[in-house]
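Student: All chains should be built: construct the whole structure from the sequences, respecting the hints.
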Amino acid sequence: MTDDRANPVDSQTQKPMPNNSNTDSSNTNSNSANNSVVNSSAAKPTSAPEPQIKKVDVAIAGVTYPIYCPVHEQEELHSAVSYINNYALDLKRDAPSLSQESLLVLCCLNLYEKIHTNQRNEEDRLQQSKQSEALINKIMKDAHSIL
Numbered sequence: 042m043t044d045d046r047a048n049p050v051d052s053q054t055q056k057p058m059p060n061n062s063n064t065d066s067s068n069t070n071s072n073s074a075n076n077s078v079v080n081s082s083a084a085k086p087t088s089a090p091e092p093q094i095k096k097v098d099v100a101i102a103g104v105t106y107p108i109y110c111p112v113h114e115q116e117e118l119h120s121a122v123s124y125i126n127n128y129a130l131d132l133k134r135d136a137p138s139l140s141q142e143s144l145l146v147l148c149c150l151n152l153y154e155k156i157h158t159n160q161r162n163e164e165d166r167l168q169q170s171k172q173s174e175a176l177i178n179k180i181m182k183d184a185h186s187i188l
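Residues in the sequence shown are numbered from 42 upward in steps of one, following the numbering used here.
Since the hints were derived computationally from the structure, they do not count as laboratory data.
Quick caveat: nothing in here was measured; it's all calculated off a predicted structure.
Glycine included, each C-beta is placed from N, C-alpha and C at the ideal position.
When the alpha-carbon atoms are kept at most 27 Å apart in a straight line, the in silico DSS-like pairs for lysine-lysine are as follows: (1) 155 to 171; (2) 171 to 182; (3) 155 to 133.
Pairwise CB distance ranges (calculated): (4) 105 to 152: 18 to 24 Å; (5) 115 to 174: 38 to 44 Å; (6) 112 to 158: 28 to 34 Å; (7) 161 to 104: 31 to 37 Å.
Tutor: Rendered as structure tokens:
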């Protein structure tokens, strides 16, 4: 997902590629300025095709924002907008005097805190899993040594 500063038309527009080979022997020095630029359809780059970008208008807390988004990410974008919009509206209910900018800043800070808490919890779960696995391995080793 990108913001409205990205312009899909500009990123897909290509300038003609210069061709330094001289395949036509009838060209002379008087045409040398024309020799440096060849029809752009003959010199297309062979890179992977760029993803198709579409402008999507999204509304968060009553304000519409244009977002340029790859077509294959639109469903995820709509899901994120729905979650963020509901979150922002809940904040606005609690603090109706907040400006839109302050509301979005508070929303971002609260959502960051949630993400950070989830990351810490995941790290804690991984550490507990490693400790559990080490304990089980020790118990298994002790049990084998007794038998």
